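In case you want the letters, here they are:
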Amino acid sequence: IWQTNFPEYQGPEKIVIRRYSDFVWLRDRLFEKNKGIFIPPLPEKSAVEKFRFSAEFIEMRRQALDIFVNRIASHHELQQSEDLRLFLQAEEETMERLRSHETGIFKKKPSDLMQIFKDVQSKVSDAVLGKEKPVEETDPEYEKMKHYIFELENHLAEAQKHAYRLVKRHRELGQSLSDFGKAVKLLGASEGDALGKAFSELGIKSEILSAKLQKEAHQLLMNFEEPLKDYVRAVQSIKATIAERANAFRRQCELAETMKLKEINLDKLMLIRSDKVAEAEQEYKEAKSEQATKTFETIVKLMNEEMGRFQEQKTLDMGIAFHEFAKGQARLANGIADAWRSLLPKLEACSSS
Amino acid sequence: MMGSHNHSVEDHPLSAPPHQMENLLLHDDHGVGGDETKSFSTNYRSAMSTLSESHHPLSPPIVAAPAESDPLRSPPHLHFPDSPNPNTSSSYIDPPSYAEAVFAPYDGETNGVDPPSPPLSLSRSPSSSAEYLNITVSNPVKEQETSNSIVPGSNSYVTYLITTRTNIPEFGANSDFGVRRRFRDVVTLSDRLAEAYRGFFIPPRPDKSVVESQVMQKQEFVEQRRVALEKYLRRLAAHPVIRKSDELRVFLQVEGRLPLPATTDVASRVLDGAAKLPRQLMGESVLAPHEVVQPARGGRDLLRLFKELRQSVANDWGGSRPSVVEEDKEFLEKKERIHELEQQINGASQQAESLVKAQQDMGETMGELGLAFIKLTKFENEEAVSNTQRIRAADMKGVATAAVKASRLFRELNAQTVKHLQDTLHEYLGLMLAVHSAFSDRSSALLTVQTLLSELSSLQSRAEKLEAASSKIFGADKTRVRKLEELQETIRVTEDAKNVAIREYERIKENNRSELERLDKERQADFLNMLKGFVVNQVGYAEKIANVWTKVVEDTRGYVDEST
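Quick mapping for you: the protein sequence lines, in order, are chains A and B. Heads up: the first sequence is residues 1 to 353, going by UniProt numbering. Heads up: the second sequence is residues 1 to 564, going by UniProt numbering.
Fair warning: there could be bad hints in the mix.
Restraint-style ranges between C-beta atoms, simulated for each label pair [what the hints assert, rightly or not]:
hint, chain 1, residue 1, chain 2, residue 2, range
1, B, Q343, A, L316, 50 to 60 Å
2, B, N381, A, F31, 27 to 37 Å
3, B, R507, A, G192, 22 to 32 Å
4, A, E312, B, E364, 27 to 37 Å
5, B, F331, A, E56, 49 to 59 Å
6, A, S342, B, V187, 44 to 54 Å
7, B, N381, A, K239, 14 to 24 Å
One-sided excerpt, in silico: chain B residues whose CB lies under 8 Å from chain A [claimed, not checked]:
hint, residue
8, E383
9, D395
10, V552
Since the hints were made in silico from the structure, they are not lab data. The model shown is predicted, which means the values in this text are computed figures rather than measured ones. Think of the CB as a built atom: it goes at the ideal place given N, C-alpha and C, for glycine as much as any other residue.
Please model the entire structure based on the sequences and the hints provided.
Following this line, the structure appears as structure tokens:
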């Protein structure tokens, strides 16, 4: 039993069936190939086995996955990705093959493996040479942005926690109203006539309101708590990009150092007219053409654009979420007021009889 | 005004006899900040009397601000929707005004004072229209036991100032007086009342709680006890028969030592009884008629206790039915219903408690959410690099403010719910205890009658045998004649006792009946009040909360239109 989704592709409509792990594959590939872009976040794997198949969880996940795909499709760079096209169109067997190729270390191409090796190497040499701290950027604006992102995550997480609790409170209130309604009905049963009827009406209204509360709890979950959670995930995705940028920066620094070393070497060789000069020249040219600097610069540029877009998007998303939240609360409160208000004429009738 | 409209006003949920308006002035003196209980009762009474004024069908119905307005609140608006008068009924059609207006009577909490001892939320109004008996308990003071005890200084106790305000003629010319009483005096009062008013639903007194006074902080305990005492005395004052009792009057009015016979503890009673027992067994035990009026259980007469015990066993297990039994079918039915009612009140009370807790939690979490958003707002504003962040911060602030407001409203609603729902239900649970003891008065009186009847019949059969024996022997035996005479004397006294016992039993039966009637009527009114109070509150607060959120809906409407 797998978690599935049915995305549609623009143009000729196509329906495919995808598992959660397919989405993970897509996300990972996009992340690898589009460093600097904030990849839309995925909903979490569920740690608890039992919860995984509850209707509510599946709906929450479906909504999040839907948003994920649509965000990618509307991002002017990501939408051009070959991986996206594959994801949206390939047959299930193809996806399965692709998925199994990507597991673990086999995900990395040989050059990536080399890079990992070099990273480890440099870390070791740093430690050996007493350079404990990895090299970091010192751009003050960027520092500010990093600090903002990290703090933001904390604040958002707290808000989301309370939002989730609020959902629970709605459910609890609903439950206790239902129990209360039953007890009141019983009380009314032993009273006679008008008063008894009044009690039983009260009980009925309580049960109606209980149902309203349960419904509102669900709305609150889907339209307020989930967007908040999504916000948190988005921030975490940004943090991943920040990590990538740090990596890229380090590689760029290493490249600069390597080039310097090679240049020195080349000059030395040229001075002594060694026959190794050609070799060294070749190496130097190779080093120069390495992508590290370009990669880093691309990331920096992309991140700036993405930040702007992120902020705009979030204002919109939260605006909608706030609107839905307030709408739901107003709807609930009005429903409560209406239900109780309808009782009053009956209560009045009791006292005058 | 009150005379002719007495009926309708009484049934009015918040009606109060107009004389209570007079208390307003007096209570207002204490209203500001000082005595917590008084300030609350001020609010409540001012609201109640305002209501009674506005209820007059001919008077302009809309807003009635009492002449003596509560110093702690802005003038209360009253818009109670119940008369056939079209103006007041407009509150149904006009929700916002409802939200604004309806709170006054139920809004006693907004001044932030949490009253520990609210006045009875019950609609009791004495049948004679102009009488009132208002009691306040205050000013607890520690005093020393003056009598010499083995350990000097070990006996300290607390006395409370009990002030009464009344116009009941039995209290004499005095309308305003106070005495100091200690808890032991209250126990005495309660015991004397229980003796004198068998069959009535006497409100149960506060517990003795010997242990608690050690465990709790002295201050807290004294305050709790003061509150409980006040509630108890007020309930006594609300009982139509007991409020006129000598016992209560003496307790409230007579300064110095309480001139009621003190209750002796169980141990010494048993000892006394044991001392009497040999004498009783030697001679013929004669139950003096006046003793019959009290149950055997609490008394000193052990022999009588044994006899009645034997009788009750015979009733349960013996083959023959006693000649007088509880036959009143109506009573038995009512008893069943009362029992059922008690169970349901219990159930409802429990659920009310959990409802209150759920509302409380909701309010708390909403508040926490609001605070989290306020922090976020501040953060975004501080770190804002782009304008869109500021916009988002502003939106967030709107939501946060609304959430905090809603949270506060929930908590207020809850306090009111407790007052209406929980307090009334608790009052009735206490009343159930009184009902139980009234019913047991009845059954112990019945037992006394049954015991006497069977004793009488056995005495009579002994007398018959003695007569038969002596008639056979010619020349009456002097001792036998004497014995017969003694026996007949005993029979006569027992006859008297039996008659007294039967009268007592009938009296108690009548008390039970009239009390049950009163209970039914008052319960209807009280429960109706409770429901109304609860519902009106819920409506009002729900409307307010809806308003708070509607504003945010409007403010954020732009986002939804944009995205669709």
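Hints versus structure:
| no. | hint | result |
| --- | --- | --- |
| 1 | B:Q343 <-> A:L316: 50 to 60 Å | holds, 56 Å |
| 2 | B:N381 <-> A:F31: 27 to 37 Å | holds, 32 Å |
| 3 | B:R507 <-> A:G192: 22 to 32 Å | holds, 29 Å |
| 4 | A:E312 <-> B:E364: 27 to 37 Å | holds, 35 Å |
| 5 | B:F331 <-> A:E56: 49 to 59 Å | holds, 55 Å |
| 6 | A:S342 <-> B:V187: 44 to 54 Å | holds, 49 Å |
| 7 | B:N381 <-> A:K239: 14 to 24 Å | holds, 22 Å |
| 8 | E383 | holds, 5 Å |
| 9 | D395 | holds, 6 Å |
| 10 | V552 | holds, 4 Å |
In this structure, every one of the numbered hints holds.
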